[in-house]
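Spelled out from the first residue to the last, the chains are:
Number of protein chains: 2
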Amino acid sequence: MLIVQKYGGSSVANPERIRNVANRIVKARNEGHDLVIVVSAMGDTTDDLISLMKQVSNNPSEREKDMLLSTGEQVSIALLSMAIKDLGCDVVSLTGAQVGIKTTNIHTKAKIASVNEQRLQLELDQGNVVVVAGFQGVDDDNNITTLGRGGSDTTAVALAVALKADLCEIYTDVDGVYTADPRVVPEASKLPSISYDEMLELASLGAQVLHPRSVELAKLYGVTLQVRSSFNFTVGTVVQEGSKMEKDLMVTGVTQDTNTAKIGLFNIPVKKRIAFKIFGALSSANINVDIIVQSAAHNNVKDMSFTIARSDLQKALRIIEWLQPEIGFAGYTHDEDVAKVSIVGAGMISNSGVATMMFEALADNDISIEMITTSEIKVSCIIKDSDAAKAVKVIHEKFQLDQI
Amino acid sequence: MLIVQKYGGSSVANPERIRNVANRIVKARNEGHDLVIVVSAMGDTTDDLISLMKQVSNNPSEREKDMLLSTGEQVSIALLSMAIKDLGCDVVSLTGAQVGIKTTNIHTKAKIASVNEQRLQLELDQGNVVVVAGFQGVDDDNNITTLGRGGSDTTAVALAVALKADLCEIYTDVDGVYTADPRVVPEASKLPSISYDEMLELASLGAQVLHPRSVELAKLYGVTLQVRSSFNFTVGTVVQEGSKMEKDLMVTGVTQDTNTAKIGLFNIPVKKRIAFKIFGALSSANINVDIIVQSAAHNNVKDMSFTIARSDLQKALRIIEWLQPEIGFAGYTHDEDVAKVSIVGAGMISNSGVATMMFEALADNDISIEMITTSEIKVSCIIKDSDAAKAVKVIHEKFQLDQI
Numbered sequence: 051m052l053i054v055q056k057y058g059g060s061s062v063a064n065p066e067r068i069r070n071v072a073n074r075i076v077k078a079r080n081e082g083h084d085l086v087i088v089v090s091a092m093g094d095t096t097d098d099l100i101s102l103m104k105q106v107s108n109n110p111s112e113r114e115k116d117m118l119l120s121t122g123e124q125v126s127i128a129l130l131s132m133a134i135k136d137l138g139c140d141v142v143s144l145t146g147a148q149v150g151i152k153t154t155n156i157h158t159k160a161k162i163a164s165v166n167e168q169r170l171q172l173e174l175d176q177g178n179v180v181v182v183a184g185f186q187g188v189d190d191d192n193n194i195t196t197l198g199r200g201g202s203d204t205t206a207v208a209l210a211v212a213l214k215a216d217l218c219e220i221y222t223d224v225d226g227v228y229t230a231d232p233r234v235v236p237e238a239s240k241l242p243s244i245s246y247d248e249m250l251e252l253a254s255l256g257a258q259v260l261h262p263r264s265v266e267l268a269k270l271y272g273v274t275l276q277v278r279s280s281f282n283f284t285v286g287t288v289v290q291e292g293s294k295m296e297k298d299l300m301v302t303g304v305t306q307d308t309n310t311a312k313i314g315l316f317n318i319p320v321k322k323r324i325a326f327k328i329f330g331a332l333s334s335a336n337i338n339v340d341i342i343v344q345s346a347a348h349n350n351v352k353d354m355s356f357t358i359a360r361s362d363l364q365k366a367l368r369i370i371e372w373l374q375p376e377i378g379f380a381g382y383t384h385d386e387d388v389a390k391v392s393i394v395g396a397g398m399i400s401n402s403g404v405a406t407m408m409f410e411a412l413a414d415n416d417i418s419i420e421m422i423t424t425s426e427i428k429v430s431c432i433i434k435d436s437d438a439a440k441a442v443k444v445i446h447e448k449f450q451l452d453q454i
Numbered sequence: 051m052l053i054v055q056k057y058g059g060s061s062v063a064n065p066e067r068i069r070n071v072a073n074r075i076v077k078a079r080n081e082g083h084d085l086v087i088v089v090s091a092m093g094d095t096t097d098d099l100i101s102l103m104k105q106v107s108n109n110p111s112e113r114e115k116d117m118l119l120s121t122g123e124q125v126s127i128a129l130l131s132m133a134i135k136d137l138g139c140d141v142v143s144l145t146g147a148q149v150g151i152k153t154t155n156i157h158t159k160a161k162i163a164s165v166n167e168q169r170l171q172l173e174l175d176q177g178n179v180v181v182v183a184g185f186q187g188v189d190d191d192n193n194i195t196t197l198g199r200g201g202s203d204t205t206a207v208a209l210a211v212a213l214k215a216d217l218c219e220i221y222t223d224v225d226g227v228y229t230a231d232p233r234v235v236p237e238a239s240k241l242p243s244i245s246y247d248e249m250l251e252l253a254s255l256g257a258q259v260l261h262p263r264s265v266e267l268a269k270l271y272g273v274t275l276q277v278r279s280s281f282n283f284t285v286g287t288v289v290q291e292g293s294k295m296e297k298d299l300m301v302t303g304v305t306q307d308t309n310t311a312k313i314g315l316f317n318i319p320v321k322k323r324i325a326f327k328i329f330g331a332l333s334s335a336n337i338n339v340d341i342i343v344q345s346a347a348h349n350n351v352k353d354m355s356f357t358i359a360r361s362d363l364q365k366a367l368r369i370i371e372w373l374q375p376e377i378g379f380a381g382y383t384h385d386e387d388v389a390k391v392s393i394v395g396a397g398m399i400s401n402s403g404v405a406t407m408m409f410e411a412l413a414d415n416d417i418s419i420e421m422i423t424t425s426e427i428k429v430s431c432i433i434k435d436s437d438a439a440k441a442v443k444v445i446h447e448k449f450q451l452d453q454i
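For the protein sequence lines, the chains are A and B, in the order given.
My numbering applies: residue 51 is where the first sequence begins, and numbers increase by one.
My numbering applies: residue 51 is where the second sequence begins, and numbers increase by one.
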């Protein structure tokens, strides 16, 4: 089999763990598999580099930030390759640029445009394990780009697609996908398998086990993902097309996302293209808007609230201030102390009343809901940040997810 | 003017020094110069990476070592570019690969084969200060290579050659080239100028202010070098063709090199091609042999001693052991506690008795000489390691180099 394995930062956090990962890789190699390994930066390396950066500049260029941060993965691939070689296994490390991972030129948030599999295939044909730097690529002018945090998952899936790999294993510090974060809900159950769509919603909604873009890409090209722990040999969770849709659980998981902030705009004059202007400006600044709620117009004015990532709040507020004279709304507020709690499950499509059960669980526990959004397979509520952990617990209990 | 400036590791050792260097660069830019900046890794970065590496592997692959160490300069160029940008100056950083610095494929000791100046010229034409990672390049298969310690000087000169720069300034932690290491001889004088050949000998003999290969390259292409300190604005030392040969000092400098070890082979049978076999094998392992002394043959056997870099000793001893059965010498010894003390000066060519003055200074101070080698512009003696500092002092005094 040709397997792409991805190891996250905690799996290679120190020399001992690097040697441990090398052992796992050589074991798989000795079982006869062809292997492409994708690695993140060691543990705190990225944070250390950011801290160093902040001592140099308050407003660093994003191109130079990519130049800086991409060194983290380069250190990992070199060290991991040394450890693999020490075990007598042929190995070669390659940076994103050397693999030919071409991306868009949006620094710090680039998207993979294509992978030139030639060098990879050449190294595999020569019997090498190939260790590739995750999270990074180059744009058309050969400038180094990064894919944003968690982008190594996306690198792994993109390589699996380019090489038509049989399997893409994502090694992390948890041993699979759970019905809720086990740190919040100790009773959470591990799911043996989950569909792409459910995983996509879970990942988007704050389950940090997989990067949403990687799931999207896996779904698009039908790459089977397996989420496993690098610290034990427990069977993990398989992410694949939901062929057993009828057996799906009504609710697969409960998530919380505290990287959320809310902005409210008051007394917006009812004119054409208002929403386009507001959300177009935010989108041009690469700010993703999540939930949008709009009141009915009253006296020719209306109110509007929306949520964004908390880390984008300052940038978003500058845009809102800049838009105010043109759009002519009376004022705005913002709230950082909010969180999004969500339930996900393909079974929701055919089960009415799932959302009601969620609202009931929250109401029974005096947790008030500020905003609601639903899709075919999820329901999300914006609540107070301080209620988030409790909310996840009571919802998990309500749907009896500890009994899977 | 188009100026290439090179800043060493101590000049960018921390965020404050990086901002200081950025200030100097922007000052030069505001004076109207086009600038290409070559930077080394920050202070102890390379040592830190090597220490991390040793925790992972005892016998690291040299290819992966280059992959690892080249990140040090990449961090420097990113941070320095951020600091320059903060001062309102357009700037772009480029790795060795991005500049198109092609090297031979001898990892950790690669030599620059060519520089593709296209990208550099494009960035200069767009008004950017270009900050380039020193010490690194790529081979024909796009594998990352490094030029060995001090290789950033060579990068700077190679870029000056490729761009036909008007001047190449080497910024370091001393403010010029001295007649001896001021830490050893406080009376040492700073030389206002020095010829390539003298600088080449001084650099090769242990004066660490410039990498010998960079001086060789500068001489070959007639690049004017200026050695200066990044910590003050003192005028440094100009290295250029010795047009004022008649005014040259008899002796320009005294150096010591403690990275020296001696190997002796005893009772070597007199056969053809013995020297070729020994030194060919060492050369194939990229070990530079410095001084070679051979005794006259006696009873059809002879003795031979030679010196190498102390860091190459273990590798060299393995080769000697391996050669012993084939060549059939009776035994060998090695000595790590030796140092090389040298005098350099273009004036020596026309002044007999210079070597004698050196030997006299050593003899007067009870320092015994183990090996001697001379060239047209230098005399080197191998002495005990523990005598090296004293030897430099008494020779410096003998030639009255404090009175320049």
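Treat the hints with care, as some may be off.
No distinction is drawn between identical chains; accordingly, a pair holds when it is met within one copy or between any pair of copies.
For lysine-lysine, the following DSSO-like pairs were computed, each having C-alpha atoms within a straight-line distance of at most 27 Å [to be verified]:
id	residue 1	residue 2
1	K77	K115
2	K77	K322
3	K443	K77
4	K77	K104
5	K352	K159
6	K115	K152
7	K327	K104
8	K240	K352
9	K161	K448
Since the hints were derived computationally from the structure, they do not count as laboratory data.
Everything numeric in this text was worked out from a predicted model, so none of it was measured.
Give the relationship of K240 and K352 under a CA distance limit of 27 Å: within one copy only, between copies only, both, or neither. neither (45 Å within a copy, 77 Å between copies)
request  = Can you give me the call for K77 and K115, within, between, both or neither, at a CA distance of at most 27 Å?
outcome  = For K77 and K115, the Cα distance is within 27 Å only across copies (24 Å; inside one copy 36 Å).
Q.
I want to check one pair: K443 and K77. Are their C-alpha atoms no more than 27 Å apart within a copy, between two copies, both, or neither?
A. neither (39 Å within a copy, 60 Å between copies)
Within, between, both or neither: how does the pair K115, K152 come out at a Cα-Cα threshold of 27 Å? both (18 Å within a copy, 25 Å between copies)
Problem set entry | K77 and K104: within-copy, between-copy, both or neither at 27 Å Cα | between (41 Å within a copy, 23 Å between copies)
*asked:* At most 27 Å between alpha carbons: which applies to K161 and K448, within, between, both or neither?
replied: neither (39 Å within a copy, 68 Å between copies)
Handout entry: Copy assignment of K77 with K322, given that the CA separation must stay at most 27 Å
Key = neither (63 Å within a copy, 51 Å between copies)
Please work out whether the CA atoms of K352 and K159 approach to 27 Å or closer within one copy, between two copies, in both situations, or in neither? neither (34 Å within a copy, 69 Å between copies)
If the cut is 27 Å between Cα atoms, do K327 and K104 qualify within a copy, between copies, both or neither?
Neither, since 33 Å and 56 Å both go past 27 Å.
Of the hints listed earlier, those the structure fails to meet are numbers 2, 3, 5, 7, 8 and 9, in rising order.
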